[in-house]
Amino acid sequence: MEIHLTITGFIVVFAAVLLTWLASSIIWPEIMPSPVESLQFTAERWRTLLSDSLITLENTVLGFTIALILAIATAWAGLAHPLARSVVDALNTIVQSVSALVWALFFLLLFGFSTNLPSIAVAGATAYPILLSGILKGFDQALVDYGEAAALIGARGRSFLRYVLLPASIPYIVASSRPALGSALRISVVAEAFGAAGGMGYRLWIFYELHEYRGFLGWALALLVMMLLLDKTLLEPLERWSRKWL
Amino acid sequence: MAVIELKALSKSLGGRKILENVNLTVSKGEFYSILGPNGVGKTTLLRIIAGLLKPDSGRLRVEGSVGFVPQSDLLLPWLTLRENIELPLKLRRLEKREIDERVFRATYLVGLDGNLSLYPRQASGGTRRKAAIARALALGADILLLDEPFNGLDVSSLTSLRETLMSLKGGVTVVLVSHQVYEVAYLSDRVGLLTGRPAMIRVEEVLESLPLEKKLLKINNLILGLPGDKEKE
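Order-wise, the sequence lines are chains V and B. No gaps in the numbering here: position 41 of the first sequence is 41 in my numbering, and each next residue is one more. No gaps in the numbering here: position 43 of the second sequence is 43 in my numbering, and each next residue is one more.
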């Protein structure tokens, strides 16, 4: 029943978007191409779309992975001493407050154009605070729930991290991974648009500059589908799996 | 020979004195039970013996390897029962063969052969308690500290766990904290009553070699403070 409602919800939203698009293409035919025109244009260039999707996905996943490792290391360091924890909390608050646009421009300044590095770094910088918050919450709860169990079995130092803290925090890590990866994907596209040699964002910007709105809308739709697929086929099942022992 | 010896032990928690002048001696292989009202400090006493808490004053001597089985089992829910028993052995870098042997021996002792691939949430309360005891035994514990192991168990789990503990008698030294009078009478060689605020072990009764009905009567009298109880020095 629940799955049927979810699917129905998606169908209704897609139908509404499609109808609005169709209506816009009738009202402003010189600007808005029809959905059929856009889909046809996109389908004819599926190789470029595939290559762009893979570049964006690679940038995002790489940035996300670096952010995940850094967030775990930061949260782990925060357990060393109350002072270290206060530094980590302050860092988290500050990083949360930095705008994604600032990150994008900052990394472009740092790494320059025509490279994937700004996009990877922006994805990482966007995912990092979201992941760090989730991991800190997970570690705090794990200490309450399993601190004594760890002492009983003699899990200390790195063993404590590996066998107790990380497994206990998996539900928190996975739960924060969903919004973190989603944000990273949305923002890394912005960095690609500002300066990169490929990727969904780069292509969207090129189509916009060339007034090729069929491609612009087709790629935007493809980006949306990519995000949904990633969430529904990977992140959501992963979140369900991570809660199986609770 | 005494393997646990507490002399004039005191402990405060959160500014409140919980235990004062606690004296206790438990001999090797003895099954000693501690009775007492809720919140009196029985768990605190066990945690001090386990080394998880430090006493404020007094002397504590424990000879042997201690295995503490807390009320909540403290099994890791993401590991199967077998993995829970194995993990502390892995952390001590024991060889695989040694680990397998210890796990086999410990699970055999507590009667846990078939259910080891279950996750804790899939197992019954009794099975979880047995796994927690097996974990302590696999670590080579010759002193078991059991905190309310019968709490929340259904009749069949309770009976099975009671028989498991009975089968361990003599081989390991056990200090049991429980409210289950029947189980305490059935299993214990000696009982102590921890009462008062701050609490101390005020009276003790030797039950060893008495018939079960007499043991139950003695414990009843001990709890009710009826004559026949021996005041502890």
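Hints in this document: simulated from the structure, not taken from any laboratory. In this text, all values refer to a predicted model and were calculated from it rather than measured experimentally. C-beta atoms are modelled at their ideal positions from N, C-alpha and C, and glycine is treated no differently. It is possible that part of the hints are untrue.
[Said to hold, decoys possible] Examples of chain B residues toward chain V, derived with CB under 7 Å: (1) Trp78; (2) Leu168; (3) Gly171.
[Unchecked claim] Here are the simulated BS3-like cross-link-like pairs (lysine-lysine), alpha carbons at most 30 Å apart as the crow flies: (4) Lys232/V <-> Lys244/V; (5) Lys90/B <-> Lys214/B; (6) Lys54/B <-> Lys96/B; (7) Lys169/B <-> Lys214/B; (8) Lys96/B <-> Lys244/V; (9) Lys28/B <-> Lys214/B; (10) Lys90/B <-> Lys244/V; (11) Lys137/V <-> Lys90/B; (12) Lys54/B <-> Lys7/B.
[As the list claims (entries may be wrong)] A few chain V residues facing chain B, derived, Cβ under 8 Å: (13) Gly154; (14) Gly157; (15) Leu161.
Hint check:
1. Annotation: Trp78/B was flagged as interfacial toward chain V, and the flag holds, the nearest CB pair being 5 Å apart, inside 7 Å.
2. At its closest, the beta carbon of Leu168/B sits 19 Å from a beta carbon of chain V; the interface hint therefore is violated under the 7 Å criterion.
3. This hint is violated: Gly171/B has a C-beta 21 Å from the nearest C-beta of chain V, more than the 7 Å allowed.
4. At roughly 18 Å between alpha-carbon atoms, Lys232/V and Lys244/V fall within 30 Å of each other, so this suggested pair holds.
5. Taking the CA atoms of Lys90/B and Lys214/B, the gap is about 46 Å. The hint is violated against a cut of 30 Å.
6. Our distance criterion of 30 Å between C-alpha atoms is broken by Lys54/B and Lys96/B, whose separation comes to about 35 Å.
7. For the hint linking Lys169/B to Lys214/B, the alpha-carbon distance of about 20 Å falls within 30 Å, and the restraint holds.
8. Our distance criterion of 30 Å between C-alpha atoms is met by Lys96/B and Lys244/V, whose separation comes to about 28 Å.
9. Under the criterion of a C-alpha separation no larger than 30 Å, the hint pairing Lys28/B with Lys214/B is consistent with the structure, at around 24 Å.
10. A C-alpha spacing of about 24 Å is found between Lys90/B and Lys244/V, which places the hinted pair at or below 30 Å, so the restraint holds.
11. Taking the CA atoms of Lys137/V and Lys90/B, the gap is near 28 Å; set against the 30 Å cutoff, the hint holds.
12. For the hint pairing Lys54/B with Lys7/B, the CA-to-CA distance comes to about 14 Å; that is within 30 Å, so the pair holds.
13. Interface hint at Gly154/V: satisfied, since its Cβ lies 5 Å from the closest Cβ of chain B, which is below the 8 Å cut-off.
14. At about 10 Å, the closest approach between the beta carbon of Gly157/V and any beta carbon in chain B exceeds 8 Å, and the interface hint on this residue is violated.
15. With a cut of 8 Å, the hint placing Leu161/V at the interface with chain B is violated, because the nearest CB-to-CB distance is about 12 Å.
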